[in-house]
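**Student:** Here is how the chains run, residue by residue.
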Amino acid sequence: MAEPLLEARGLGVRLGMRRRFLRKDDKGYPILSNINFTMQPGEILALVGESGSGKTTLGRAIAGLTQIQAGSLLFQGQPIVDPGNVATIRTKDRAWYPRWRACRKDIQMIFQDPLSSLNPRRSIGQSLDVPLRNFGVATTVDELFDQVGLTSQFKDLYPHRISGGQRQRVGIARALASAPKLIIADEVVSGLDVSNQARILRLLLDLRDQRGLSVLFITHDLAVVRSLADRVLVMQRGKIREDGPVGRVFETPSHSYTRKLLRAAPSPECDPDWLAETAKGPFAMDIENATVFVTGANRGIGARFIEALLLRGAAKVYAAARDVAALPDDPRVVKVALDITDADAVARAATEASDVTLLINNAGFNSNSGALKNPHMEDARREMEVNYFGTLSMIRAFAPVLKANGGGAIVNMLSILSRVALPMMGTLCASKAASLSMTQAVRAELMAQGTRVFAVMPGAVDTDMSKDFPPPKLDPADVVRAALNGLETGDDDDIYPGDMAQGLRAGLEHDPKEVEAELASYLP
Amino acid sequence: MSLLQVDSLSLGLRGAPVLRKVNLTIEASEIAGVVGESGAGKSMLGKAILGVLPRDVTVTGGAIRLNGTDLLALRPRARRAFLKRDLALIPQDPLSALNPCRTISAQLAEVLPKGTTDAKVEVIRWLDAVRIPSATKVAKSFPHVLSGGMRQRALIAAAFASRPKLVIADEPTTALDVTVQKDVLHLIREMQRETGVGLMFVTHDLCLVAKICHSVTVMHGGRVIEQAACTDLINRPAHAYSQALLAATPRPDQARQGLEPVPTALIERMVAEAGDG
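Residue numbers (this note's numbering), protein chains in the order written: chain A, -7 to 516; chain B, 50 to 326.
Read the hints as simulated data drawn from the structure, not as lab findings. One or more of the hints may lead you astray.
Claimed, not checked - Footprint (simulated), chain B over chain A, 3 or more residues, beta carbon under 8 Å:
1. 54 to 60
2. 191 to 205
3. 257 to 268
4. 277 to 290
5. 469 to 476
Ideal Cβ positions, reconstructed from N, Cα and C, are used throughout, including at glycine.
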């Protein structure tokens, strides 16, 4: 194969986070990590993903508008950025700047909104004249107009006078002014109607066919990708999830995220059931008419679970707690006095509640002490006893019940601390991590009998158990909503309610070591 | 009697026609799509029904009947009262439709019907109904902290919370991602089914029309080109313009589809045939 036009090796981009604004060791927040791909000359490569997936940042990084912090970017075999030296471009470093400057001519970008990227005080002719002079290309504005299908009378008009489709052509003409080899087109057809969209797509195809131009086409519209691109990169949360020829990716997607995107892309065919099918992912579970067993139901998240389950139409709710006095009176609620560390009591509860289809292991214990600070081992043992052994014995007792009732589901209320350690709560983290590991093991073992196992990992929640933890804390009712919505939609079997959990989860995917420093900023 | 009946409505912009004798009927519990390219007049039709036409645009003829009452014959104050009670809008840009200085809860409480006893509880119930996670937190937050999808959900809650009879959705998902778009459309349809309101769905995307609408009106240049049941229009479009629109729509299941714009010759012929009237 010929030498690739563009090659990215382990590309990484971080952007500053506001909370760390004034900190000296500001390393920013990872937006892209470990991006690897190649692009051949004359290829139309589509970059798809949802908002926030980092597709625009990648486009800007390649165009040199965003600083790259890690990895390397090779253009026609030559490295064009120096990730070691962050200030390379701005300081016009002697070794790098000429090389960078040379390929600036070959890589051009077309922006999403042509009205804001064209100078309103310059006529279109003037706007196009500047890059022509700067790059010293022997083309005239008229020739550029010709290439994009505009007549020369547009030369004297100002951007606000012309239509969106025409403006986008001007954007393309300006990008073509330096006779580039690669054009980065960022959402150039969103906001245009079908006719104008078809004209712009046709123009890009023609430019590729006639001049061998390569296009990196950034979009969220999968239908457009199918009609235009040769190859497609699917991005999610700053990583490339799938890379392959368009036909292959669309017909046999290999990553679950690609499948999810494709399920959501509408085709012009009447199908009233299409909308309903999204709501149900592969792990979906009906809460209406379910019989639910909730442990630790007398306070905090457990109490909210009981309320929410009754509201969503659960047929029967077994509310289990050591102290049943605080449990609500309701015809659908069965109060169960239960200490989950007592194996015999758990076994008895399982025989009594033989109609359960959903088990919510919510009971937990938190000593609020570090791994070394607490003079006694008792608290650490108690945490393990309740959070790990208690949950395990519940699952062991109820797995046959769930199997007899057709599969059902188990929800384990864990914490984001299952995945990261926090100095204040060292022993709790250990017990929660053990429970997460056990959840994954149980999930694998129970798959055969059709029981789905969910892990819910919220950040700090506003309950009396975490009263020492500083705000912002999640409302327990919101944790419950997230868990039950997660069960009903069933997109994922790991549920991370709240911003803190979501943020840490994203951090874990990018750079696990950074996360502990991140977490420390939540401490008092 | 139909829920909404637009009878040969014409609008003019300083003498130039914007809408030309548009007829449209929407029944209760119906989702009626209005499609067309930019400049077709589809948004103007929605604005005329809502009574929020730009200053320069005037009604030059026709009638808009909501449950039999001619909106255009009402005095402005009576019309506003009528619209406040019976009509709601799901706008295209959720950020500009929300007041940046007020919390979601305050803005939702405003549209609840008269006599609502506990507005706070009701607001959370509605936010929950549109599947907003962390409804308690979202109720207390200001619009700028929410994502686009969340804002649009809050506005859907606001649209249905006022218990209207007709909801106008003007390109409600153009600003959203595909997966969020599907969720939001599903939500709109579920809410519409539960409340039994009529829904006018204005869009330029025939794919969305195919998935959600019962009937479709195709517009071009301020005229109605074709009106048909959704399945008929998608499977057997009668008018050449509808056929061309379908051909210009890219499809996720076919390569190199949607690269043909609507032919200029067809547009010229249509304009010539219709004349100026």
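**Student:** Now, for every hint given, state plainly whether the structure supports it.
**Tutor:** Results of checking the hints against the structure:
1. 54 to 60: Per the Cβ count (0), the hint is violated.
2. 191 to 205: This one holds; 4 residues, not fewer than the three required, reach chain B with a Cβ under 8 Å.
3. 257 to 268: Coverage by chain B holds here, the residue count being 11 at a Cβ distance below 8 Å.
4. 277 to 290: violated (count 0)
5. 469 to 476: holds (count 4)
In this structure, the earlier hints numbered 1, 4 are contradicted, and the remaining ones agree with it.
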